[in-house]
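Colleague: Listed below are the residues making up each chain.
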Amino acid sequence: MNPIPEAERLYATLRERLTPDIDHFDALVGIHSGGAWLAERLQRELAPAKALGSIDVSFYRDDLAQRGLGRSRVRASHIPFPVQDARILLVDDVLYTGRTVRAAINELFDYGRPARVELAVLVDRGERELPICARYVAHTLPQPLPAGERLELARDEAGLFTLRTLRDEPPTTR
Amino acid sequence: MSHPQLDEHGRLQHLLSLDGLPREVLLQILDMAEPFLEVTEREVKKVPLLRGKSVFNLFFENSTRTRTTFEIAAKRLSADVINLNVSTSSTTKGESLLDTIDNLCAMNADMFVVRHASSGAPFLIARHLRERGLEHIHVVNAGDGRYAHPTQGLLDMYTIRHYKKDFSRLTVAVVGDVLHSRVARSEIAALATLGVGELRVIGPKTLLPVGLEQFGARVFHDLRQGLRDVDVVMMLRLQNERMKGALLPSKEEYHQRFGLTPEKLALAKPDAIVMHPGPLNRGIEIDSSVADGPQSVILPQVTFGIAVRMAVMSLLAGQGAQA
Numbered sequence: 018m019n020p021i022p023e024a025e026r027l028y029a030t031l032r033e034r035l036t037p038d039i040d041h042f043d044a045l046v047g048i049h050s051g052g053a054w055l056a057e058r059l060q061r062e063l064a065p066a067k068a069l070g071s072i073d074v075s076f077y078r079d080d081l082a083q084r085g086l087g088r089s090r091v092r093a094s095h096i097p098f099p100v101q102d103a104r105i106l107l108v109d110d111v112l113y114t115g116r117t118v119r120a121a122i123n124e125l126f127d128y129g130r131p132a133r134v135e136l137a138v139l140v141d142r143g144e145r146e147l148p149i150c151a152r153y154v155a156h157t158l159p160q161p162l163p164a165g166e167r168l169e170l171a172r173d174e175a176g177l178f179t180l181r182t183l184r185d186e187p188p189t190t191r
Numbered sequence: 147m148s149h150p151q152l153d154e155h156g157r158l159q160h161l162l163s164l165d166g167l168p169r170e171v172l173l174q175i176l177d178m179a180e181p182f183l184e185v186t187e188r189e190v191k192k193v194p195l196l197r198g199k200s201v202f203n204l205f206f207e208n209s210t211r212t213r214t215t216f217e218i219a220a221k222r223l224s225a226d227v228i229n230l231n232v233s234t235s236s237t238t239k240g241e242s243l244l245d246t247i248d249n250l251c252a253m254n255a256d257m258f259v260v261r262h263a264s265s266g267a268p269f270l271i272a273r274h275l276r277e278r279g280l281e282h283i284h285v286v287n288a289g290d291g292r293y294a295h296p297t298q299g300l301l302d303m304y305t306i307r308h309y310k311k312d313f314s315r316l317t318v319a320v321v322g323d324v325l326h327s328r329v330a331r332s333e334i335a336a337l338a339t340l341g342v343g344e345l346r347v348i349g350p351k352t353l354l355p356v357g358l359e360q361f362g363a364r365v366f367h368d369l370r371q372g373l374r375d376v377d378v379v380m381m382l383r384l385q386n387e388r389m390k391g392a393l394l395p396s397k398e399e400y401h402q403r404f405g406l407t408p409e410k411l412a413l414a415k416p417d418a419i420v421m422h423p424g425p426l427n428r429g430i431e432i433d434s435s436v437a438d439g440p441q442s443v444i445l446p447q448v449t450f451g452i453a454v455r456m457a458v459m460s461l462l463a464g465q466g467a468q469a
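Line by line, the protein sequences are chains A and B.
Whatever position you read off the first sequence (first residue = 1), add 17 for our numbering.
Whatever position you read off the second sequence (first residue = 1), add 146 for our numbering.
If you're looking for bench data, these hints aren't it; they were derived computationally from the structure.
Heads up, some of the hints might be wrong.
[Claimed, not checked] Below 20 Å or equal to it, Euclidean Cα-Cα: the simulated SDA-like pairs (lysine to any residue) are:
# : chain 1 : residue 1 : chain 2 : residue 2
1 : B       : Lys192    : A       : Arg184
2 : B       : Lys192    : A       : Gly129
3 : B       : Lys192    : A       : His95
4 : B       : Lys191    : A       : Ile122
Could you put together the complete structure from these sequences and hints?
Modeller: Spelled out as structure tokens, the structure:
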């Protein structure tokens, strides 16, 4: 069994691991929605002078034909800095198959050719389907989650993080 | 009432008309258009959502703007676009509409964008696809006869929401030849579904259909009266061929009574926006000084139209297979 880790504690760990390296980057880009919250707070607390962007990978997913665009609202990506030659820290809440990160990297490259891209995540839940790994990880789950279970970051009104597990919804019929 | 454009789960299968389109689907399309607008502002104006899909533009009636914006929308989604100039092809050799469709299906089409002079032609194609068991192929109505022009109606709603936000507080006037206008029909249906505060329809008696009141519209035959305190003025194109049919005395008289001039526009709210689906008849239904003036949003309408069409196409393509 995996106990659900405490998100605020994990956030502190991630921040601590990033602190010595933060000047290796020109910009932070969070993946919508959990990654965007994390990137926003990391930028505020570690490097308020650095550029901050967010990405919604819905238009770059590889499973449109199977799943459609879904019911959740697609956000506009927001990349307010030149990607060309930038050193970018990509931030997400949970790293799983690697498909979301693949989509985010593809999208970034449509804005320009970054000098380098590194990945920071709160939780690595394993079971990759692509050769992708994160350089900064706060916590690695010791065992895989049961199939159909999702781990998701939530943010309360005070801006504090919590992690929760959700069952994947069965295919929507309406 | 059956909805030939919805599948058995109530999801959009084809976009044929805004009549009877549920409010939630309409809002879903408008919401989805917003992030696509951001894509159209990028350096690389392209996302891979429809990569490998074949979109056939079937224009049985001429249109430059609509065909071009559909083509741009599909290309920005990375689809392959095939434009068929049908007036110069096999239909002139006598091939029927459905034979043409069958042939294009055999070429593995994924989507048809159809413009046709006969009302109902896109419905006919959608029904034919269903009968053939080709439900994974989608139809988008790009204007049929006098009946509907749903993507124009949607982009107009997007434009109004962009500038004016809440429909329930707005007074919107549709001005001109409503009787022959598929654009007006789609606009009025969408405005009713979205719960516009007050809907006014303004035009000469000979160019207004009967029964507008059932949509909650107030009818005016005097432009000056009708424009008083409106938030949005939606002009319609006066189709030249109507002039020949004795429905109107002359262009000059039409302009004098129903042409939008700066002096008449001054009767609307000071921040009222002016819309027009194009192409413009300058000096007939609209003065150049209004069309090019600060209250005109005619060119933003064109830009929004691309984002709205991208939203429609990706919504349809994403609902081909079951999750």
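Colleague: Each of the hints needs a verdict: does it hold here or not?
Modeller: Hint check results:
1. B:Lys192 with A:Arg184: Distance ~34 Å between lysine 192 of chain B and arginine 184 of chain A Cα, so the pair is violated.
2. B:Lys192 with A:Gly129: holds, 13 Å
3. B:Lys192 with A:His95: Holds. Lysine 192 of chain B to histidine 95 of chain A sits at ~15 Å (cutoff 20 Å).
4. B:Lys191 with A:Ile122: Roughly 16 Å between the alpha carbons, so the hint for lysine 191 of chain B and isoleucine 122 of chain A holds.
Of the hints listed earlier, the one the structure fails to meet is number 1.
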